[in-house]
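**Q** Input sequences plus hints: build the corresponding full structure.
Given next are the chains, with one letter for each unit.
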Amino acid sequence: MHSFGFRANAVLTFGITILALICAMASISDNFNSPHPSAEIQILNINWFQKQPHGNDEVSLTMNITADLQSLFTWNTKQVFVFVAAEYETPKNALNQVSLWDAIIPAKEHAKFWVQTANKYRFVDQGSNLRGKDFNLTLHWHVMPKTGKMFANKLVIPEYRLPKEYR
Amino acid sequence: MGWMGDTVDSIKSIQIRQLLSQGVSLGMIVTSALIIWKALMCFTGSESPVVVVLSGSMEPGFKRGDILFLHMSNDPIRTGEIVVFNVDGREIPIVHRVIKVHERQETGDVEVLTKGDNNYGDDRLLYAQGQLWLQRHHIMGRAVGFLPYVGWVTIIMTEKPIIKYILIGALGLLVITSKD
Chain X
1 MHSFGFRANA VLTFGITILA LICAMASISD NFNSPHPSAE IQILNINWFQ KQPHGNDEVS
61 LTMNITADLQ SLFTWNTKQV FVFVAAEYET PKNALNQVSL WDAIIPAKEH AKFWVQTANK
121 YRFVDQGSNL RGKDFNLTLH WHVMPKTGKM FANKLVIPEY RLPKEYR
Chain H
1 MGWMGDTVDS IKSIQIRQLL SQGVSLGMIV TSALIIWKAL MCFTGSESPV VVVLSGSMEP
61 GFKRGDILFL HMSNDPIRTG EIVVFNVDGR EIPIVHRVIK VHERQETGDV EVLTKGDNNY
121 GDDRLLYAQG QLWLQRHHIM GRAVGFLPYV GWVTIIMTEK PIIKYILIGA LGLLVITSKD
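Top to bottom, those sequences are chains X and H. Residue numbers for the first sequence follow the UniProt record's numbering, beginning at 1 and rising by one. Residue numbers for the second sequence follow the UniProt record's numbering, beginning at 1 and rising by one.
Since the hints were derived computationally from the structure, they do not count as laboratory data.
For lysine-lysine, the following BS3-like pairs were computed, each having C-alpha atoms within a straight-line distance of at most 27 Å: (1) 63/H with 120/X; (2) 154/X with 78/X; (3) 112/X with 149/X; (4) 133/X with 92/X; (5) 154/X with 108/X; (6) 164/X with 133/X; (7) 149/X with 63/H; (8) 92/X with 164/X; (9) 92/X with 154/X; (10) 133/X with 154/X; (11) 108/X with 63/H; (12) 78/X with 146/X; (13) 63/H with 154/X; (14) 108/X with 149/X; (15) 63/H with 146/X; (16) 112/X with 146/X; (17) 63/H with 112/X; (18) 92/X with 51/X; (19) 112/X with 78/X; (20) 120/X with 108/X; (21) 63/H with 78/X; (22) 38/H with 164/H; (23) 51/X with 120/X; (24) 149/X with 38/H.
Remember, predicted model here, so these are calculated numbers, not experimental data.
**A** Right under this line is the structure:
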């Protein structure tokens, strides 16, 4: 009853149970946070717009992205992964989502930012449907906690249009 | 030396009935662990409800040794979701983020491209020869929650099997020599 083995076993089991309980409570505390992020995306320039040799349209554009995601951070947040995706519909595909740019925000201080960038990932269609195409730019954020449940949400900024002709 | 003598004595004094009842309790423990695992598989709809992160391709979000809780539902796959997928011909599942989705009009079939947060390029290099997209049947689940560091136990036991055998041997010895 009082041997070293029994005592070590009891301490270890108790310790692990308490640790698991604390992790669960930390995760639940994230539910009490009501975030109010804001963002604006401006397309500064369509750099080029061509049909590639394999038949798919491709666009290169430069964007101005301003966002304030500070309210997403809680004490249980490790980082926030933010990305901008273009969403549009084509006759063949009900939905196309193409990620254009992403970044990792490691701390609350960096969560209010302004970035001017060309698209990091290629904006390529499956086919050549992009001329004159209307599309939405969505800013998505994924909150990665120090422990527990991950949250994700997005802000849709509608009504952008690609030029009618290749350039 | 006294401890060795005690152990040898207790092994000599084992009765069949006691041994059998200890065997049954051990069997019960193993079986309940199996039941919990299978129930988790049912509950989360995924073949492996918990995976260990093995590489650093999702740093700094997920480090090697973290464990991820997976869930698979029939909801459509969208960009930004962290998915676990198997490439044909490779046995180790990969945990990366979806960056492109193309969903067909009538059927709802999707073609998906993934990329690790910490990788420079997308995953086309990891897919099978000539494969450009992942389909839904490649995907085993979405990551919904995570616990840091807990997966190191699994990594150590897989990479140095000696430790696994030592642990099982020690547990076995403990079961045999304990009085109840």
